[in-house]
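> So you can see what is in the structure, the chains are spelled out below.
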Amino acid sequence: MEAKKKETKVYKSKILNDFFTINDTKAYKRTEKNMLLALRILKAMQTKKLNRIKFAEEMGVHPSVVTKWLSGTHHFTTETLFDIEEKLNICIINVVEPQQIETIVAYQIQVTQKCQPVLPQTMNYFNSDFKNILYQQNYQYGKR
Amino acid sequence: MQVEIVKILSGLCANFYTVKIDGDSLTLFEKFISENKSKYNNELNNIRDRLKVMSDRTGARETFFKINEGTPGDGVCALYDDPEKKLRLYCVKYGTVVVILGSGGEKPKNIKALQESKKLTKENELVKRISKGVTNAFKEKYLRWSLDKTDIECDDDEIIIEI
Chain A
8 MEAKKKETKV
18 YKSKILNDFF
28 TINDTKAYKR
38 TEKNMLLALR
48 ILKAMQTKKL
58 NRIKFAEEMG
68 VHPSVVTKWL
78 SGTHHFTTET
88 LFDIEEKLNI
98 CIINVVEPQQ
108 IETIVAYQIQ
118 VTQKCQPVLP
128 QTMNYFNSDF
138 KNILYQQNYQ
148 YGKR
Chain B
1329 MQVEIVKILS
1339 GLCANFYTVK
1349 IDGDSLTLFE
1359 KFISENKSKY
1369 NNELNNIRDR
1379 LKVMSDRTGA
1389 RETFFKINEG
1399 TPGDGVCALY
1409 DDPEKKLRLY
1419 CVKYGTVVVI
1429 LGSGGEKPKN
1439 IKALQESKKL
1449 TKENELVKRI
1459 SKGVTNAFKE
1469 KYLRWSLDKT
1479 DIECDDDEII
1489 IEI
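From first to last, the protein sequence lines stand for chains A and B.
Reminder that position 98 of the first sequence reads as 105 in the working numbering, one-by-one numbering, no gaps.
Reminder that position 125 of the second sequence reads as 1453 in the working numbering, one-by-one numbering, no gaps.
Read the hints as simulated data drawn from the structure, not as lab findings.
Even for Gly, the Cβ is constructed at its ideal location relative to N, Cα and C.
Check the hints yourself; a few may be wrong.
[As the list claims (entries may be wrong)] In silico SDA-like cross-links for lysine to any residue, where the CA-CA straight-line distance does not exceed 20 angstroms: (1) A/K16 x B/W1473; (2) A/K33 x B/N1370; (3) A/K75 x A/K94; (4) A/K16 x B/C1482; (5) B/K1359 x A/K36; (6) B/K1450 x B/N1370; (7) B/K1469 x A/K75; (8) A/K36 x B/N1369; (9) A/K16 x B/R1472; (10) B/K1394 x A/D25; (11) B/K1335 x A/S20; (12) A/K19 x B/D1352; (13) A/K40 x B/K1413; (14) A/K75 x B/G1387; (15) B/K1335 x A/D25; (16) A/K50 x B/K1469; (17) B/K1365 x A/K40; (18) A/K75 x B/K1413; (19) A/K36 x B/D1384; (20) B/K1365 x A/F27; (21) B/K1394 x A/K94.
[Stated by the list, open to error] Sample of chain A residues lacking proximity to chain B, with all beta carbon distances greater than 12 angstroms (derived): (22) E14; (23) K21; (24) K61; (25) T85; (26) F89; (27) E92; (28) I116; (29) T119; (30) K121.
[Claimed, not checked] Incomplete in silico selection of chain B near chain A, CB under 8 angstroms: (31) V1334; (32) L1337; (33) E1358; (34) R1389; (35) F1392; (36) N1396; (37) G1398; (38) D1410; (39) K1414; (40) K1447.
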C-alpha cells in the first residue's frame, strides 16, 4: 500500500501575510533575475566540474569574488559576464540581433488550358504534329 | 525550552519554516520582521523577495547564504539583504529544500564578527540550539523526511521539539 504524504499546514498570521505580499513587482523580478543568473553560472560550473577555487583560478580572481558572483546579489559588469561566458562556454547575454528570415514558400500551380485544337488545313495523318493533337484530345477527354 | 516548528512558505523548490518558543504568540521570524520593519523596510522586502525566489524557482542554494555561521555541520547559516547587507537573518538549512528561519538583526558595518554584537550573538546561539534540537528529533525518529525527501514531517499535527 502506498504511504500518503502528510502535508504540514502553512502557518498564517497578519504579520506574515503582509510581509509576503509583493508590492514592488519590478524589484522582485530584478532579484529573481540576479538569483537565476547566479544559478546559471553555478550549474555551468558544475557541468564543467569546476569548484569555486578552480573557477576563480581560471578567471584570475580571488575565490571570494566567485562567492559574490554566486550569491545572487552581485551586480555584474558586461565585461565580467562576457569573460564568464567564454570560460564556461555558455550564453548569458544575447547581443546578436535576430536575423530577418526570408520565408520561401513553394507553390504548386496546376494550369489547365481549355483550347480547341486548330487543325491544319491539310491533314497529314503521318505528320507528328497531327499525332500530338490527337493525343492531347484523347487526354483531355480521359481516353488516353 | 519547547519549540514549535511551523511552515510559513511552501513552494515547488523549497519550504521555509520558523519556530515559536514556549508558546509565544509570535514566531521568531515574525519578531525579526517587527523589530526591523520601521528602520529596514527595503532590506526586509529584499529578504522577502529572495525567500520567494528560492521557494518557487531556485531552491535554497548554499551560495545564496552565508554558510558556517554555527558549529561545523549544524547547517546554521545567515541570509542577508542586497545590496547593503545591513541585516543578518540566522537560519538552519537542510539541503536545498528545507530552511528553518530564526531571527537576527542589524549587522553594523563597523563589526566584522557576529560576536561583536550582543543581539546577533544571542540570536545565533538560539538558532544553533534549534539546529541541535532538530538533529536530535531526527535521531529519535520523531521527525522524518517525507517520501519525496522535499519536506519534514512527523506523526503529530504540530511539530513540537525540546531544545
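> With reference to the structure, classify each hint as holding or not holding.
Do the hints match the structure? See the list:
1. A/K16 x B/W1473: Distance ~16 angstroms between A/K16 and B/W1473 Cα, so the pair holds.
2. A/K33 x B/N1370: It holds: about 13 angstroms lies between the C-alpha atoms, which stays within 20 angstroms.
3. A/K75 x A/K94: Judged against 20 angstroms, a Cα distance of about 17 angstroms means the pair holds.
4. A/K16 x B/C1482: Within the cut-off at roughly 12 angstroms; holds.
5. B/K1359 x A/K36: 27 angstroms, violated
6. B/K1450 x B/N1370: 24 angstroms, violated
7. B/K1469 x A/K75: 38 angstroms, violated
8. A/K36 x B/N1369: 18 angstroms, holds
9. A/K16 x B/R1472: 16 angstroms, holds
10. B/K1394 x A/D25: 26 angstroms, violated
11. B/K1335 x A/S20: It holds: about 12 angstroms lies between the C-alpha atoms, which stays within 20 angstroms.
12. A/K19 x B/D1352: 15 angstroms, holds
13. A/K40 x B/K1413: Holds, at about 19 angstroms.
14. A/K75 x B/G1387: 18 angstroms, holds
15. B/K1335 x A/D25: Holds, because 16 angstroms separates the two Cα atoms, which is no more than 20 angstroms.
16. A/K50 x B/K1469: Violated, because 34 angstroms separates the two Cα atoms, which is more than 20 angstroms.
17. B/K1365 x A/K40: 25 angstroms, violated
18. A/K75 x B/K1413: Since the Cα atoms of A/K75 and B/K1413 sit roughly 12 angstroms apart, the hinted pair holds (cutoff 20 angstroms).
19. A/K36 x B/D1384: 13 angstroms, holds
20. B/K1365 x A/F27: Holds, because 13 angstroms separates the two Cα atoms, which is no more than 20 angstroms.
21. B/K1394 x A/K94: The given pair, whose Cα atoms are some 26 angstroms apart, is violated under the 20 angstroms limit.
22. E14: 8 angstroms, violated
23. K21: Label violated. Min Cβ-Cβ 9 angstroms, cutoff 12 angstroms.
24. K61: Per Cβ check, A/K61 is outside 12 angstroms of chain B; nearest 15 angstroms; holds.
25. T85: Fine: 18 angstroms to the nearest Cβ keeps A/T85 off the interface.
26. F89: Correct as stated: the minimum Cβ-Cβ distance to chain B is 21 angstroms, above 12 angstroms.
27. E92: Non-interface label on A/E92 holds, nearest chain B Cβ at 19 angstroms vs cutoff 12 angstroms.
28. I116: Holds, because the least Cβ-Cβ distance between A/I116 and chain B comes to about 52 angstroms, which exceeds 12 angstroms.
29. T119: It holds; A/T119 is separated from chain B by about 61 angstroms at its closest Cβ, greater than 12 angstroms.
30. K121: 67 angstroms, holds
31. V1334: 4 angstroms, holds
32. L1337: 7 angstroms, holds
33. E1358: Status holds, d = 5 angstroms.
34. R1389: Cβ of B/R1389 sits 6 angstroms from chain A, so the hint holds.
35. F1392: Holds. Min distance 5 angstroms.
36. N1396: 12 angstroms, violated
37. G1398: Result: violated, 18 angstroms to nearest chain A Cβ.
38. D1410: 4 angstroms, holds
39. K1414: Check failed: Cβ of B/K1414 comes no nearer than 12 angstroms to chain A, outside 8 angstroms.
40. K1447: Status violated, d = 20 angstroms.
Against the hints set out earlier in the document, violations occur for numbers 5, 6, 7, 10, 16, 17, 21, 22, 23, 36, 37, 39 and 40.
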